[in-house]
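Heads up, the sequence shown is in our numbering, so the first residue is 376 and it goes up one at a time.
Hints should not be assumed to be uniformly reliable.
Said to hold, decoys possible - Quick list of the computed label-pair ranges, beta carbon to beta carbon:
no.	residue 1	residue 2	range
1	406	426	29 to 37 angstroms
2	448	386	27 to 35 angstroms
3	408	446	27 to 35 angstroms
4	449	428	14 to 22 angstroms
5	385	448	15 to 23 angstroms
Hints listed in this document are in silico derivations from the structure and should not be mistaken for laboratory results.
Built from N, CA and C at the ideal position, the CB exists for glycine as well.
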Amino acid sequence: MSAWFNNAPPLLLEESVKIAFDYLERTGEADDVGETCQFLVNKIGFMIAQGERNRLLLSNRAIAAYQRYRKARTVELSLVS
């Protein structure tokens, strides 16, 4: 674990994930709550470990990454069936 992560404000991860998840839930993009939360925690945790501290930037980048992931997953599923 990075030293940057240890110096992060305690609620940074939690608040950033909540912002991103609330947005995805309101737009109907959070189809699987567990998968969505895990994805957001992993993405935001990685960015915090890299030194990012801006909640909105963390949330927006995680939302964009989730949307790309979801689109790729949908394309992959359509190719399989």
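Verification of the hints:
no.	hint	verdict
1	406 <-> 426: 29 to 37 angstroms	32 angstroms, holds
2	448 <-> 386: 27 to 35 angstroms	30 angstroms, holds
3	408 <-> 446: 27 to 35 angstroms	19 angstroms, violated
4	449 <-> 428: 14 to 22 angstroms	33 angstroms, violated
5	385 <-> 448: 15 to 23 angstroms	32 angstroms, violated
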